[in-house]
Amino acid sequence: SAEVLFAMICNLMDSFQLDSGTFRISNARFNIKEQIEKITKMMTTGFRNKNVKLNCHVAGDIPENIVNDFYRIRQILLNFLSNALKYTPPNGSVTIQLAKSKTTKGVLELDVTDTGQGISDTDMEKLFQPFNKVETLQDHQMNPYGVGLGLHIASSIAKKVGRGLFVRSKVGCGSTFGVTLNIDNLMRDPQSRPKVHSGEEKPGEEDEKNGEAQNFVVQTPNTRLRVLPYSPKVRMLRPQCDCVPILMIDDEEFNLMAMEMILGKFDLKMDAARNGSEARNKVHERSQKQCCSAYQLIFMDSKLPDSSGIELTAELNDQ
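In the working numbering, each residue carries its 1-based index in the sequence shown increased by 74.
Hints are computed from structural coordinates only; laboratory data are not their basis.
Each hint should be verified, as a subset may be incorrect.
Stated by the list, open to error - Restraint-style ranges between C-beta atoms, simulated for each label pair: (1) SER351 <-> PHE328: 17 to 23 Å; (2) PRO164 <-> LYS343: 39 to 45 Å; (3) GLY95 <-> ASP380: 26 to 32 Å; (4) ARG103 <-> ALA173: 18 to 24 Å; (5) SER194 <-> ASP325: 39 to 45 Å.
As the list claims (entries may be wrong) - Under the rule of at most 27 Å between Cα atoms (straight-line distance), these lysine-lysine pairs were calculated in the DSSO-like manner: (6) LYS127 <-> LYS107; (7) LYS107 <-> LYS234; (8) LYS343 <-> LYS363.
Every value quoted in this text rests on a predicted model; they were computed, and no experiment measured them.
Every residue gets a Cβ at the ideal spot worked out from N, C-alpha and C, and that includes glycine.
Given these sequences and hints, build the entire structure.
Take a look at the structure:
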C-alpha cells in the first residue's frame, strides 16, 4: 500500500510539472552500466517470486560514463520493468538491453522486452494518453492499481533525456518498450543545466516571476475546484518557524503512517485528521496562528466517514 501510494503521488506531481512547464532535468555524470546492474539486482526478487526470468545485456562498447539525469532514466526503466512484470505470465521472461543506436551518433538505446500478451493496434493508439488503460478483464486483474499515468509521464520525460520512446508489439508475442538516451545531454540541451541561485531571492520568487507557480483546477462530474497553488520546489514547504506545513485527511491509519514515512524522506512533517470534523478543527486552529495561518499543502481522501472529501475541499478552499 505504501509503495502504491508513493508511486501515485510521484506520478501526479510529475504530471502537474509537465503540464505546467515547470519540469526540470538535472544532468550529472554517472556510470550507466553500474546503475543498470543495480536496478536489475533490485528487481530480481519480484521477478523470481512470479517465476519470470529477468535478463540483462549491456553491449561492450557502451561508454563507462554518460551525462544525463539518471533519476529520470531510472524512473522510465522501472516503469518499463513494472509493466513487463505485470503483463508477463509465469515461466515467461523479460530482458533489459542497453546498446548504442545504430542510426544516431551519440545516442544509446535502452529497452525492455517481455514475452507477455502483446498489445493490439487499437490499444497502442491510446497507450501514452493520460489516465488511459487497456481495460480488458485480464488486464485489470494484472494491473488493478494503475491509474494510467506511468507511460504518459515516461513518454514526456523521454523527450528530455533523449529522442523519445519507441514501442514494438504483437498480440501473443510480447512487447518491447525502449527509450533513446543522449550520451551527453548537456550538449543537446544547454538550458537543462542546473540553475545557480544567489541566495538573496526568496524561495519561489524566481518561479513566480517566470509564471511557474500556478493554480491547478480539478474537474469532477459535479463540481469544479481551484486547488492550492502548486510549486515544484520542496524547499517551499519547509517553513522557517516550527509550524507543520502539510495536513493529510484520511480515515485509514495505514495511509497516514505511509504518508508520514514518505514525507519524512524529504524532512517534511505533517498533521493528520481522520474525518471532516477533525480537519475543520485543524484548519481553524491553524488560522489563529500569526506566523503560518494556513497549511501549504493538504492531502484529502475523497470519502470520509462524516463527509465527502470533494465537498470538504471546496469548503476549506473558500475559508
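Each hint tested on the structure:
Hint check: SER351 to PHE328, Cβ distance near 21 Å, so the stated range 17 to 23 Å holds. In this structure the supplied range 39 to 45 Å holds for PRO164 paired with LYS343, their Cβ-Cβ distance being about 43 Å. GLY95 and ASP380 have their C-beta atoms about 39 Å apart, which leaves the hinted 26 to 32 Å range violated. At about 20 Å, the beta-carbon gap between ARG103 and ALA173 stays in the expected band of 18 to 24 Å.
For SER194 paired with ASP325, a C-beta distance near 40 Å keeps the hint of 39 to 45 Å intact. Among the hinted pairs, LYS127 with LYS107 is consistent with the structure: their alpha-carbon atoms are about 20 Å apart, no more than 27 Å. As the CA atoms of LYS107 and LYS234 are separated by approximately 20 Å, the hinted pair is consistent with the 27 Å bound. Taken as a hint, the LYS343 and LYS363 pair is honoured in the structure, with Cα atoms around 17 Å apart against an allowance of 27 Å.
Checked against the numbered hints given earlier, this structure breaks only hint 3.
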